[in-house]
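Those sequence lines, one after another, are chains R and Y.
Take 871 as the starting number for the first sequence in the numbering used here and just add one per residue.
Take 222 as the starting number for the second sequence in the numbering used here and just add one per residue.
Since the hints were made in silico from the structure, they are not lab data.
Errors might be hidden in some of the hints.
[To be verified] What follows is a list of derived Cβ distance ranges for each label pair:
id : chain 1 : residue 1 : chain 2 : residue 2 : range
1  : R       : L1024     : Y       : G732      : 50 to 56 Å
2  : Y       : I639      : R       : S1046     : 46 to 52 Å
3  : Y       : P252      : R       : R1012     : 53 to 59 Å
4  : R       : L1024     : Y       : G490      : 51 to 57 Å
Using N, Cα and C, we set each Cβ at its ideal position, and we do this for glycine too.
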Amino acid sequence: MVSTSDRPAPRALAALGGRLATAALTAWAAVTITFFALRLGTGDPTASLLAQGLATPAQAEALRHELGLDRPLLEQYFTFLSGLVRGDLGLSLYTGRPVLRIIAEQAPSTAELAGLGLVVAVGLGLLLGIVAAWFEGRALGRAAAGLAGLATALPVAFTGILGLLLLVGLPGSVASPVWAPIRRLALPGLVLGYASSGAIARVVQAGLSESLLRPYILAARARGVRPRARILWHALRPALPPAVSLGALEAAYLFGGTVVTETVFSRPGLGRLLVGAILQGDFPIAQGLVVLAAIVYTASHFAADALAMTIDPRLRGQI
Amino acid sequence: MNRPARSLTAAAFILLALVLGAACSPSPTEPLTLRYGLTLAPTGIDPHLNASSELGIPLSSVYDTLVFLDPATGEFVPGLAERWEISPDGRTYTFHLREDVVFHDGTPFNAEAVRANFEYTLDPENHSQKAASMLGPFESVEIVDESTVALHLSEPFAPLLDSLSQVYLGMASPSALEQWGPADYQFHQVGTGPFRFVEYIPNDHLTLARNPDYAWGPSIYLASTASIERIVFTFYEAEPTRALALQGGEVDVVGEVPPRDAARLAESGGFALTPVAIPGQPLQYFFNTRRPPTDDLPTRQALLLAVDRESIVRTIFGDYSPVAQGLLSAVTPGFSPDVSFPSFDPEAARDLLVQSGWADADGDGVLSRDGQPLTIALVAPNWGSNPDVAQLLQAAWEQLGAEVTLQVAAGFGPLKEIQASGAYNAIGLNFFGTDPDLLRGFYASDGLYNWSGIADARIDDLLRQASQLPLDPEGRRERHRQVAELVRDQALVLPLRDYVDLVVSSNRVQGLRFSALGWFPHLIDLRLEP
């Protein structure tokens, strides 16, 4: 995590420990809010379960009892919490399968997509941000800034369908051997990553534009440091930590925000699992996913803090 | 090379590696494979326990049923049962089973297998969402001999044969049920049908392979064994992606194509459009008879008259959907063609309201009576174009002088919640099925979906009688006709559009035909031109 060469104070580790406690509290709050929101907001799950059949009211009541849904809500909540502590996320109402297993089956697909999305988001974000700052005021810079602006403005549902349209429209594309992997992963990753690249690009551009005007850059030039690469790195380094924090936020967002991408590209994954669970009232799955989201979110923030400290040593005392 | 440039290069390499890595997966010579696009990814696909219509598209070809419903004649024809008798009191059904039938796993099909299936479906711990209720007043199953089985009911139940003809009561291998149990059987389904279940990866795909030993198909199948070797089903939940999947050559068939896309593809010449009428109820709105102002008959009648159903259907569903003409869609057995609902007549609607005391006293455009404004709480489900339809209903009723609040329920759970609160005047809900007995769930006073809140002894009696006449189809039909009349005369429901599934297939696909339930293709009869 933290680079040892610079001897971070134990203070920093204690602070991280404190963060862990906060994170656990946050996760508990998220789980609790979700539990009650799902249970109070989506109605009786047996209604959804039986929606496509013509059960008698007596049959409906029997199912409620069988699923333990006739118990007081608070009792159900504590049952769920005690299961959670033991790593048991309960059973799907629709299939009776363990929620943990269902999530584990769908997670790799989402991880793959979100991973590629993050690479694209960071890569494209850096590229667009640097180009926009370096060529500020010129056509190239304006184009990069414009692309970054569009990235935040266009919904994934739009860029996704547009991408699919272009792919289908390419003559001979379907028969080509690279078509399937592009359709399955590369295009979804690009679409997802592009959506997140805009914010990163803006932060990079803003930071870079600012530091390019700093005296130390002038000093570096005066020392004869070759322009471009070196100067770029000198100027970029202080501009990166905010971008990294943002990248971590985006990573968490990507993980949860694959919902639309997965639907548009018909990919399996957690996003579609979540939508299906909520629409059909399979609340144990939705709850399980919220627990997972809380973990991913917290973990990516840890990673971001650690990374920010590595890049900018000045931050080490502050966290 | 400096650091950012290096990481950018690395990123580019990772991307390239991902693309190429996936591209280099081996592709052995494929068997003749049909790719079929599904439109929902159901949670749970065991038809005995789960209820989705979508699951039946693949699985009605994995299972055979004791009987089949012939879509052409509306008659039940032999399936796994060669013949059957219904006792004069309508409470015992005796099925004589075929003796030459073997499950895909080699287990022989016999009376014991039938019993195992019913026990699995009815076990309360297995939480059957549909199949269990389809058995109605089921009492017990009796093994008469190796190939004869008797079902005993506590009272006559006319829809039983219809239930037994559906995939939800398809016959599964008792050894597979035993081996996998309710949570995992869905991934290892074993039937006796023309296709065998290969694998199911949730949200990704489901694969079937032809059953070369299939030799006991019902008369409704044209082919005796399937010609297509494999069928791979994939999911297209986002509507605009269905046409793209067809154009891109990803799938050969897909259902529920939006009307505009369907028309465009059909005109393009490379595709065939098959509109499939789905039996059951039309898209419809129930009027709440327990809440003013819809507790008042003339007001309900006026609301019915004020809606231009034809124009709503054309606007939203294009030219492919018939305007609904009754409680059941026109292709449903038991539909009463001679009970017609009143057609659009805004003046008559206005007159009715005026005659029953509604007037625009303060000139604000909203009618009122006894100081109460004509306020309609309209509740629409969020599926099946209901939100669009509801907007047009809102406009029509506002035109009439009502104040209309529109609420779209985000799923069935929330819809049921609003319904249970009683805070609605009109609410949308429909149900698919081939037996008119489904009306009992909606218009009997104790029906699970009696959302108009009607409690009419005549309707209750007629529906109960009809459900107990398994041997008298004409008697049933007549009673359902009378129910349709009563419901129409009391203006309990506004029927709008008969459901039509727009299935589009590439021209390579031949022999696309559908079961009586509408949704399910006879996969055995499909052929794929090279």
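Structure-based check of all given hints:
| no. | hint | in the structure |
| --- | --- | --- |
| 1 | R:L1024 with Y:G732: 50 to 56 Å | 43 Å, violated |
| 2 | Y:I639 with R:S1046: 46 to 52 Å | 50 Å, holds |
| 3 | Y:P252 with R:R1012: 53 to 59 Å | 54 Å, holds |
| 4 | R:L1024 with Y:G490: 51 to 57 Å | 33 Å, violated |
Checked against the numbered hints above, the structure violates hints 1 and 4; every other hint is satisfied.
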